[in-house]
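Protein chains: 2
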Amino acid sequence: MRPLELNKVFTLMESGPVVLVTTHDGQQDNIMTISWTMVVDFTPVFAITTGAWNYSFAALRKSRECVIAIPTVDMLDTVVGIGTCSGSDTDKFEKFKLTRAQGRIVKSPLIRECLANIECKVVDIVKKHNIVVMEAVAASIDPARKEKRVVHAVGDGTFIVDGRKIDRRKMMASKLPPGV
Amino acid sequence: MRPLELNKVFTLMESGPVVLVTTHDGQQDNIMTISWTMVVDFTPVFAITTGAWNYSFAALRKSRECVIAIPTVDMLDTVVGIGTCSGSDTDKFEKFKLTRAQGRIVKSPLIRECLANIECKVVDIVKKHNIVVMEAVAASIDPARKEKRVVHAVGDGTFIVDGRKIDRRKMMASKLPPGV
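For the protein sequence lines, the chains are F and G, in the order given. Quick note on numbering: the first sequence equals residues 1 to 180 in the numbering used here. Quick note on numbering: the second sequence equals residues 1 to 180 in the numbering used here.
One chain only, chain F, in its complex shape:
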């Protein structure tokens, strides 16, 4: 994995991939699967919807940090598996044979098997709507990885894999942030 420039990190999230979010509560690591995410700012700032129904939420609220890891299509069964068991009785790193790596800034673990890992600090928790706003403070990407297609949840138990890429950079030039 190599460091990724922060001004490019929003491009990992904008297309709406299913992501894995790791936390560390001071004693244990945990992972949750999240599909309800949004870019809020290019810098980047992200929002995710979560609350007490996710066991990870207590750790997220307490530590005010997490890692957003981007899995790819070859990891789909791991992603679904993580989303259908609970950290309250399962060590998900062990169960799903995932490898921890240490972040540069936050204590939540990176997931080495993922395409990219985004270290985040919580900026605000909008309790009324269960929205957690966080800023990325460091990120890394695995350039050696061959499989780069992410997966998008439909919400009914089906998933859509990235298909064809279409380039509209010229048409969009006036709207793109610098250096992306």
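Just so you know, the hints here were simulated from the structure itself, not pulled from any lab data. Just so you know, even glycine gets a beta-carbon here, dropped at the ideal spot from N, CA and C. Check the hints yourself; a few may be wrong.
[As the list claims (entries may be wrong)] Result set (DSSO-like, lysine-lysine): computed pairs, CA atoms no more than 30 Å apart in a straight line: (1) G/K95 / F/K95; (2) G/K175 / F/K128; (3) F/K165 / G/K107; (4) F/K148 / F/K95; (5) F/K175 / G/K128; (6) G/K8 / G/K165; (7) F/K62 / G/K175; (8) G/K146 / G/K95; (9) G/K148 / G/K107.
[Claimed, not checked] What follows is a set of in silico ranges between Cβ atoms, one per label pair, in the way DEER data are often shown: (10) G/L6 / F/D91: 37 to 47 Å; (11) G/A101 / F/R112: 41 to 51 Å; (12) F/R169 / G/R149: 12 to 22 Å; (13) F/E94 / G/A144: 42 to 52 Å; (14) G/T90 / F/P143: 36 to 46 Å.
[Claimed, not checked] Non-contacting residues of chain G with respect to chain F, defined by C-beta distances greater than 10 Å in every case (computed): (15) L4; (16) Q27; (17) T90; (18) R100; (19) R164; (20) D167; (21) A173.
For chain F, the structure is supplied; the task is to place chain G on it using the hints.
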């Protein structure tokens, strides 16, 4: 277009498609292209990131309603075109030859060419983060449409088209909301 049950509407948004958001300010209709969206609740409730930098924001704030229209890949150049001009000097329905249809509840127009249209009422504007929270109050879908693949923005001027679909309904059964 036929009505779509509200409990299924979140499945139009969860995968993270680029969407068109229409507004009506009392005099004029407008359309903006938005990629920064998130599901917040199955009922459904959505969040979008927008603010004064979008000309449509004033109408959205004033009328407290909008339509989220879901375009497909055949409409990509329209979607990018809408996102790179402003309602302050352009009638986008006319410029992009789009057909208005009347909603059942809100005054913002539906876009007949789109796969689906979701009528929304604003629930809250979280000014601090430029997040607008809205609930869907009605929705319609065009079942006769052959092209159903939506497009996901990467954020760097490239777009990803829906690819292969993978079914994990059985694995996910315990986590799916009823009737979806």
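Hint check results:
For the suggested pair G/K95 and F/K95, the alpha carbons sit about 55 Å apart, so the restraint of at most 30 Å is broken. Of the pairs offered as hints, the one joining G/K175 and F/K128 holds, with about 23 Å between alpha carbons and a cut-off of 30 Å not exceeded. The suggested pairing of F/K165 with G/K107 is violated, with an alpha-carbon distance near 35 Å, which exceeds 30 Å. Annotation: proposed proximity of F/K148 to F/K95 holds, straight-line Cα distance about 24 Å (limit 30 Å).
Between the alpha carbons of F/K175 and G/K128 the distance comes to roughly 23 Å, so the proposed pair stays at or under 30 Å and holds. Distance restraint check for G/K8 and G/K165: the Cα-Cα separation of roughly 18 Å lies within the 30 Å cut-off, and the hinted pair is therefore satisfied. Pair hint F/K62 plus G/K175 holds up; C-alpha atoms about 26 Å apart against a cutoff of 30 Å. Restraint check for G/K146 and G/K95: satisfied, since their Cα atoms lie roughly 25 Å apart, inside the 30 Å limit.
For the hint pairing G/K148 with G/K107, the CA-to-CA distance comes to about 26 Å; that is within 30 Å, so the pair holds. At about 39 Å, the CB distance of G/L6 to F/D91 agrees with the hint of 37 to 47 Å. Distance hint for G/A101 and F/R112: a CB-CB separation of about 50 Å, consistent with the stated range 41 to 51 Å. Range check, F/R169 to G/R149: Cβ separation about 21 Å, and the 12 to 22 Å hint holds.
Hint check: F/E94 to G/A144, Cβ distance near 50 Å, so the stated range 42 to 52 Å holds. Our hint of 36 to 46 Å for G/T90 and F/P143 holds, since their Cβ atoms are close to 41 Å apart. For G/L4, the shortest C-beta to C-beta distance to chain F comes to about 13 Å, beyond the 10 Å cut-off, and the non-interface label holds. With a least beta-carbon separation of about 26 Å from chain F, G/Q27 lies farther than 10 Å from that chain, consistent with its non-interface assignment.
Non-interface status of G/T90 relative to chain F is upheld: no Cβ of that chain comes within 10 Å, the nearest being about 14 Å off. A cut-off of 10 Å between C-beta atoms confirms that G/R100 is not in contact with chain F; the least separation is 25 Å. Interface exclusion of G/R164 from chain F breaks down, the closest Cβ pair being 5 Å apart, not more than 10 Å. A Cβ of chain F approaches the Cβ of G/D167 within 10 Å, the least distance being about 5 Å, so the stated non-interface status is violated.
Not every Cβ of chain F is farther than 10 Å from the Cβ of G/A173; the closest lies at roughly 7 Å, contradicting the non-interface assignment.
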